[in-house]
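Peer 1: So you can see what is in the structure, the chains are spelled out below.
Number of protein chains: 2
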Amino acid sequence: MTSSKTLDPYCSVARSLGVLGDRWMFLILREAFGGATRFAEFHSALGIARDVLADRLATLVEYGVMTKEPYQEPGQRSRDAYLLTDAGRDLRVVLGSLQQWGDTYLPRPGGPTIVRRTHRGDRPVHVAFVDDRGRELDPDDVVAHRTDQYPVRDG
Amino acid sequence: MTSSKTLDPYCSVARSLGVLGDRWMFLILREAFGGATRFAEFHSALGIARDVLADRLATLVEYGVMTKEPYQEPGQRSRDAYLLTDAGRDLRVVLGSLQQWGDTYLPRPGGPTIVRRTHRGDRPVHVAFVDDRGRELDPDDVVAHRTDQYPVRDG
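Going down the list, the protein sequences come from chains P and Y. Under numbering that gives the first Met the number 0, residues 0 to 154 are what the first sequence spells out, in order. Under numbering that gives the first Met the number 0, residues 0 to 154 are what the second sequence spells out, in order.
Next up, chain P with everything else stripped away, as it sits in the complex (with noise of 0.2 Å):
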């Protein structure tokens, strides 16, 4: 049902969305990080076709974001559950970005529905830009620079 993809040889970003680049997979992710794990709780709350989930949990799971791990429950077949890997947890920080920018420049008018907050201390979390020392950084003081594996344009 699903092929490998081919993903962008030079760009991170290209290659990120290679496998994440459809809002669908963002909507999984984000039901995920709430909690869901089986087939039917993904297509209940997102109302997806289940032939588009089924394709999208199964590239999930090929490029490591999601495991499936079988499950029985009394007088039914088995079934597959999808949980998250480290590297599944680790797009927190993406949907996080997606989220702030959403609140911040596409505001509902009742507010947010989601916020994130410290589990110690009860303090507002964003995400940000930081150093090697965990410290936040202005924006304007971080700079993209090109490695020797950039690829030289021709033309």
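Be a bit skeptical, because a hint or two may be false.
What the hints assert, rightly or not - The following residues of chain P were derived to be distant from chain Y, with all beta-carbon distances above 10 Å:
1. Leu16
2. Ile47
3. Gly95
4. Ser96
5. Tyr104
As the list claims (entries may be wrong) - What the simulated footprint calls covered on chain P by chain Y, stretch by stretch (three residues with Cβ under 8 Å from a Cβ of chain Y suffice, anywhere in the stretch; the number is not a length):
6. 7-14
7. 19-31
8. 48-62
9. 65-78
10. 112-118
11. 142-151
Claimed, not checked - DEER-style ranges, computed between Cβ atoms:
12. Y:Ala39 / P:Arg76: 52 to 60 Å
13. Y:Gly109 / P:Gly109: 23 to 31 Å
14. Y:Tyr9 / P:Asp121: 20 to 28 Å
15. P:Asp79 / Y:Leu82: 29 to 37 Å
16. Y:Thr36 / P:Gln75: 29 to 37 Å
17. Y:Leu82 / P:Arg116: 33 to 41 Å
Since the hints were made in silico from the structure, they are not lab data. Heads up, the beta-carbon is just placed ideally off N, CA and C, and yes, glycines get one too.
Given chain P, put chain Y in place with the hints provided.
Peer 2: Quick look at chain Y alone, frame taken from chain P:
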């Protein structure tokens, strides 16, 4: 050419992706962060169909991510340059988080093509959750809370 989109009334991740949720959008933004402003620059860098590029740029302008400013070169007709707004520049951290995830979990054999460093101090940079004091957080210390605006699910 572009029609206004219906954005998800509840979820900011879905709202952001309602505007940005297409691989081309992120790749157009990547070029814009790299300095591209002209239709022809985006077109030649991305190999994107002209009508698709025109549609995506119009959407970015409609939602305040870019502004259009006319420019004219000698002997040429007036054309539009596409410039990032503050909202557009704030997407740096979103692209940074996607890039970081790709570099980590979908690495290319030769290593990253782009690295981020601080301008002052030349320190390595990453994207993370931080608290209101600008201190990096352990992602496991970050909890998502539903506000009173969160929709009640029926059924």
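Peer 1: For each hint, tell me whether it holds in the structure or not.
Peer 2: Verification of the supplied hints:
no. : hint                            : verdict
1   : Leu16                           : violated (5 Å)
2   : Ile47                           : holds (12 Å)
3   : Gly95                           : violated (6 Å)
4   : Ser96                           : violated (4 Å)
5   : Tyr104                          : violated (4 Å)
6   : 7-14                            : holds (count 7)
7   : 19-31                           : holds (count 7)
8   : 48-62                           : violated (count 1)
9   : 65-78                           : violated (count 0)
10  : 112-118                         : holds (count 7)
11  : 142-151                         : holds (count 8)
12  : Y:Ala39 / P:Arg76: 52 to 60 Å   : holds (57 Å)
13  : Y:Gly109 / P:Gly109: 23 to 31 Å : violated (48 Å)
14  : Y:Tyr9 / P:Asp121: 20 to 28 Å   : holds (24 Å)
15  : P:Asp79 / Y:Leu82: 29 to 37 Å   : violated (48 Å)
16  : Y:Thr36 / P:Gln75: 29 to 37 Å   : violated (58 Å)
17  : Y:Leu82 / P:Arg116: 33 to 41 Å  : holds (36 Å)
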